[in-house]
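Residue numbers (our numbering): 71 to 277.
The hints are simulated quantities; they were obtained by calculation from the structure and are not laboratory data.
Honestly, I wouldn't trust all of these hints.
The calculated label-pair distances, taken between Cβ atoms and stated as ranges, are [stated by the list, open to error]:
(1) Arg252 - Tyr123: 42 to 48 Å
(2) Arg252 - Tyr196: 37 to 43 Å
(3) Ser273 - Leu170: 29 to 35 Å
(4) Val269 - Asp160: 40 to 46 Å
(5) Thr204 - Ile225: 20 to 26 Å
(6) Glu193 - Gln237: 20 to 26 Å
(7) Gly247 - Asn126: 33 to 39 Å
(8) Glu262 - Tyr123: 23 to 29 Å
(9) Asp160 - Gly245: 29 to 35 Å
(10) Ser88 - Gly245: 36 to 42 Å
(11) Ala203 - Glu151: 25 to 31 Å
Bear in mind the structure is a predicted one, so any value in this text is a computation, not a measurement.
Where is the CB? At the ideal position from N, CA and C, for every residue including glycine.
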Amino acid sequence: RLAGPYGTAPAIWEAVGSAAPTEADRNQAIATYAAGRDAKAAVRWVYANAEAYQINTHYITALGGSAGALLSVMLGVTEPEDYRDELTVDQDPTLATTHLDQPSTVHTILDFWGSDGLVSALEGAYGHQRFDATDAPILIVHGDEDPTVAFSEAIDLRDTYESTGAQYEFHQLVGQGHSVWRATVAGKGLDELAFDFVVAQQSLTVE
Numbered sequence: 071r072l073a074g075p076y077g078t079a080p081a082i083w084e085a086v087g088s089a090a091p092t093e094a095d096r097n098q099a100i101a102t103y104a105a106g107r108d109a110k111a112a113v114r115w116v117y118a119n120a121e122a123y124q125i126n127t128h129y130i131t132a133l134g135g136s137a138g139a140l141l142s143v144m145l146g147v148t149e150p151e152d153y154r155d156e157l158t159v160d161q162d163p164t165l166a167t168t169h170l171d172q173p174s175t176v177h178t179i180l181d182f183w184g185s186d187g188l189v190s191a192l193e194g195a196y197g198h199q200r201f202d203a204t205d206a207p208i209l210i211v212h213g214d215e216d217p218t219v220a221f222s223e224a225i226d227l228r229d230t231y232e233s234t235g236a237q238y239e240f241h242q243l244v245g246q247g248h249s250v251w252r253a254t255v256a257g258k259g260l261d262e263l264a265f266d267f268v269v270a271q272q273s274l275t276v277e
């Protein structure tokens, strides 16, 4: 769905990204906006096609690792208009097919070695502060020796959730780095940890 090599982005987003130190970083800033907008569009597609695929939209979870976790956090924290209304259909005609009338709500977030980067980017570009007590419950799992996404990012996200009163669960992977999918927490694999979190937060009945 790209209208260019890095997608389209609002002028103010490009202006903020222009302060990045390298061309690669500037391009990444533009691509990050497009990725966020596409993630929102993907969730709207799920809502638009829920009846056809028998999807219960009351139980949607966003899961991601690293960059995918940034997208997941964004989906669970931002408002419906964020990463949707910054550009018009006239500015980017590809938006016309992205179910703009549908919601993009997710009900739990599974954040593996991510951050709030896409949420804080909104604040940097537009002054929007989106964290509040209504944010989707989040599971934060992060290695304290992560060389890619600093462990401090997880601490900051946890502290933000704690300050708002939104629900969260936090796990520090001691001595672990990035993308450690085989890590365990109290004898549980990360898949089991995530499953149990979703079941508890969404009050699911497992048979």
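For each hint, the structure was consulted:
1. Arg252 - Tyr123: 42 to 48 Å: violated, 32 Å
2. Arg252 - Tyr196: 37 to 43 Å: For arginine 252 and tyrosine 196 the Cβ distance comes to about 39 Å; the hint holds.
3. Ser273 - Leu170: 29 to 35 Å: Because 31 Å falls inside the window, the suggested range holds.
4. Val269 - Asp160: 40 to 46 Å: holds, 44 Å
5. Thr204 - Ile225: 20 to 26 Å: 22 Å Cβ-Cβ, so the 20 to 26 Å window holds.
6. Glu193 - Gln237: 20 to 26 Å: This hint holds: roughly 22 Å between Cβ atoms.
7. Gly247 - Asn126: 33 to 39 Å: Since glycine 247 and asparagine 126 have Cβ atoms about 36 Å apart, the given range 33 to 39 Å holds.
8. Glu262 - Tyr123: 23 to 29 Å: holds, 26 Å
9. Asp160 - Gly245: 29 to 35 Å: violated, 52 Å
10. Ser88 - Gly245: 36 to 42 Å: With a Cβ separation near 39 Å, serine 88 and glycine 245 satisfy 36 to 42 Å, so the hint holds.
11. Ala203 - Glu151: 25 to 31 Å: violated, 20 Å
In terms of the numbered hints stated before, the structure departs from hints 1, 9, 11, listed from lowest to highest.
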